[in-house]
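Two independent chains are provided; combine them into the complex using the hints.
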Amino acid sequence: NAGVTQTPKFRVLKTGQSMTLLCAQDMNHEYMYWYRQDPGMGLRLIHYSVGEGTTAKGEVPDGYNVSRLKKQNFLLGLESAAPSQTSVYFCASSAGTPYGYTFGSGTRLTVV
Amino acid sequence: AQSVTQLDSHVSVSEGTPVLLRCNYSSSYSPSLFWYVQHPNKGLQLLLKYTSAATLVKGINGFEAEFKKSETSFHLTKPSAHMSDAAEYFCVVRFYNQGGKLIFGQGTELSVKP
Numbered sequence: 186n187a188g189v190t191q192t193p194k195f196r197v198l199k200t201g202q203s204m205t206l207l208c209a210q211d212m213n214h215e216y217m218y219w220y221r222q223d224p225g226m227g228l229r230l231i232h233y234s235v236g237e238g239t240t241a242k243g244e245v246p247d248g249y250n251v252s253r254l255k256k257q258n259f260l261l262g263l264e265s266a267a268p269s270q271t272s273v274y275f276c277a278s279s280a281g282t283p284y285g286y287t288f289g290s291g292t293r294l295t296v297v
Numbered sequence: 617a618q619s620v621t622q623l624d625s626h627v628s629v630s631e632g633t634p635v636l637l638r639c640n641y642s643s644s645y646s647p648s649l650f651w652y653v654q655h656p657n658k659g660l661q662l663l664l665k666y667t668s669a670a671t672l673v674k675g676i677n678g679f680e681a682e683f684k685k686s687e688t689s690f691h692l693t694k695p696s697a698h699m700s701d702a703a704e705y706f707c708v709v710r711f712y713n714q715g716g717k718l719i720f721g722q723g724t725e726l727s728v729k730p
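Same order as they appear, the protein sequences are chains V and H. Going by this note's numbering, the first residue of the first sequence is number 186, and it counts up by one from there. Going by this note's numbering, the first residue of the second sequence is number 617, and it counts up by one from there.
No wet-lab data here; the hints were simulated from the structure. Everything numeric in this text was worked out from a predicted model, so none of it was measured. Mixed in with the good hints, there may be bad ones.
30 Å max Cα-Cα, derived DSSO-like pairs, lysine-lysine [to be verified]:
(1) V:242 with V:194
(2) H:684 with V:256
(3) H:729 with H:665
(4) V:242 with H:658
(5) H:729 with H:674
(6) H:665 with V:194
(7) H:674 with H:684
(8) V:199 with V:242
(9) V:242 with V:256
(10) V:255 with H:658
(11) V:255 with V:242
(12) H:665 with V:256
(13) H:658 with H:729
(14) V:242 with H:665
(15) V:199 with H:658
(16) V:194 with H:658
(17) V:194 with V:255
(18) H:685 with H:674
(19) V:194 with V:256
(20) H:658 with H:674
(21) H:684 with H:665
(22) H:685 with H:665
Only chain H is shown next, with the shape it has when bound in the complex (with noise of 0.2 Å):
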């Protein structure tokens, strides 16, 4: 079976610090695995991929996450954090039956401090 967890379901960063978001999965398969973001009442924006390729996957706004399979981990980073990436972060895998469902983790909120 596939489904997905995240660690935290909030971080609090200061405007310009490190950020880390926890994801751990499991899987029978060798997974797709993505992030979402989502702001404060918007839909679903794509952040990154991951599809058995490179196992560093580079996103948009400066994001990226690295695929550890010994760690059945999916972390999702950014070396500096802006006050515009406050918002909610999702860790989805992609079951590769069923329609190619995706199954979402929990949620991790995001806030970022002037």
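If we strip away everything but chain V, and leave its shape as in the complex, we get (with noise of 0.2 Å):
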């Protein structure tokens, strides 16, 4: 089915470890999305990709890196994980304006 593919759906983290994060879209897609959600906050942009090679900050960068090699994909990594990061994730893409947005199920990580 067509959509927006996010890998994992669960992980557990050790403080100092890392980890990527993967987002697939096959849609053909020129902007894709990386958000967070904690309660209470509704969701906020980490980082986005306005097409294949680009990557610019959101709203809540610090802590996080990204890479967009392929217009299918997505990355969000974590270098050095910390508490602070424990949220859900979500990956989206669009067409752009006026199109919609497709979300991804979301990444369920947790920092201990």
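Written out as structure tokens, the structure reads:
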């Protein structure tokens, strides 16, 4: 089925460990986004990309890095995980204005 | 700058009674506005969107929202709540630049009592 796939769905990390979250879309969308969701704060934008090879910072980029080497993939990296990064992470993609957005099902990350 | 404020963090209604979830926005441009719903431990589902066409927007599951420029509001309503409407609702504004990124409100949790 066409859509946005996030890998993994769940992960527990120890403080200081690193990991990469993968977002893959098969709709040929130019724009991709990474959000984090925390209780009472809605979703906040971490990083986004307007096309292959491009990335830009969102509202809360500290502690994260991203890459968009292929148009269909948008990777979110945590180099040294901290408990404050415990959250649910959502990826989204879009073909741009005036089109809508497609969200992945989320990755629940716990850092202990 | 564009931003969105949801005026209630939690709303509780009885089944069969009307639902009102309030949202105010701030935008330098004519905004694109959305309402998303998230059921417990689920992903985000689009309820409806406003993109400068009709000011009264109808969405899925009987929800609708009215864009009021003079009040900078985009409140979500439903005439009669159903138990399955219990979820968290997000009002969202879209930037026209910066990759068309979405800015989310803080969310309103809707509880429906039998």
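Verification of the hints:
1. As the CA atoms of residue 242 of chain V and residue 194 of chain V are separated by approximately 24 Å, the hinted pair is consistent with the 30 Å bound.
2. At roughly 38 Å between alpha-carbon atoms, residue 684 of chain H and residue 256 of chain V are farther apart than 30 Å, so this suggested pair is violated.
3. Note on residue 729 of chain H and residue 665 of chain H: the hinted pairing holds, with a Cα-Cα distance of about 27 Å set against a maximum of 30 Å.
4. Of the pairs offered as hints, the one joining residue 242 of chain V and residue 658 of chain H holds, with about 26 Å between alpha carbons and a cut-off of 30 Å not exceeded.
5. Simply put, residue 729 of chain H and residue 674 of chain H have alpha-carbon atoms about 25 Å apart, close enough for the 30 Å limit, and the pair holds.
6. Of the pairs offered as hints, the one joining residue 665 of chain H and residue 194 of chain V holds, with about 28 Å between alpha carbons and a cut-off of 30 Å not exceeded.
7. With a CA separation close to 15 Å, the supplied pair residue 674 of chain H and residue 684 of chain H stays within the 30 Å bound.
8. Of the supplied pair hints, the one linking residue 199 of chain V and residue 242 of chain V holds, its CA atoms being roughly 25 Å apart against a limit of 30 Å.
9. The hinted pair formed by residue 242 of chain V and residue 256 of chain V meets the criterion: a straight-line CA distance of about 18 Å does not exceed 30 Å.
10. For the suggested pair residue 255 of chain V and residue 658 of chain H, the alpha carbons sit about 28 Å apart, so the restraint of at most 30 Å is met.
11. For the proposed pair residue 255 of chain V and residue 242 of chain V, the alpha carbon gap of about 18 Å is at most 30 Å, so the pair holds.
12. Of the supplied pair hints, the one linking residue 665 of chain H and residue 256 of chain V holds, its CA atoms being roughly 27 Å apart against a limit of 30 Å.
13. Restraint check: the Cα-Cα separation between residue 658 of chain H and residue 729 of chain H comes to about 21 Å, which is no more than 30 Å; the hinted pair holds.
14. Between residue 242 of chain V and residue 665 of chain H the alpha-carbon distance is near 26 Å, which keeps this suggested pair within the 30 Å criterion.
15. About 25 Å separates the Cα atoms of residue 199 of chain V and residue 658 of chain H, which keeps this hinted pair within 30 Å; it holds.
16. Among the hinted pairs, residue 194 of chain V with residue 658 of chain H is consistent with the structure: their alpha-carbon atoms are about 12 Å apart, no more than 30 Å.
17. Distance check on the hinted pair: residue 194 of chain V and residue 255 of chain V sit about 21 Å apart at the alpha-carbon level, within 30 Å; holds.
18. Proximity of residue 685 of chain H to residue 674 of chain H is assessed by CA-CA distance (about 17 Å); at most 30 Å being required, the pair is judged to hold.
19. Taken as a hint, the residue 194 of chain V and residue 256 of chain V pair is honoured in the structure, with Cα atoms around 22 Å apart against an allowance of 30 Å.
20. Simply put, residue 658 of chain H and residue 674 of chain H have alpha-carbon atoms about 23 Å apart, close enough for the 30 Å limit, and the pair holds.
21. For the hint pairing residue 684 of chain H with residue 665 of chain H, the CA-to-CA distance comes to about 14 Å; that is within 30 Å, so the pair holds.
22. The suggested pairing of residue 685 of chain H with residue 665 of chain H holds, with an alpha-carbon distance near 15 Å, which does not exceed 30 Å.
Hint 2 from the list above is the single one not met by this structure.
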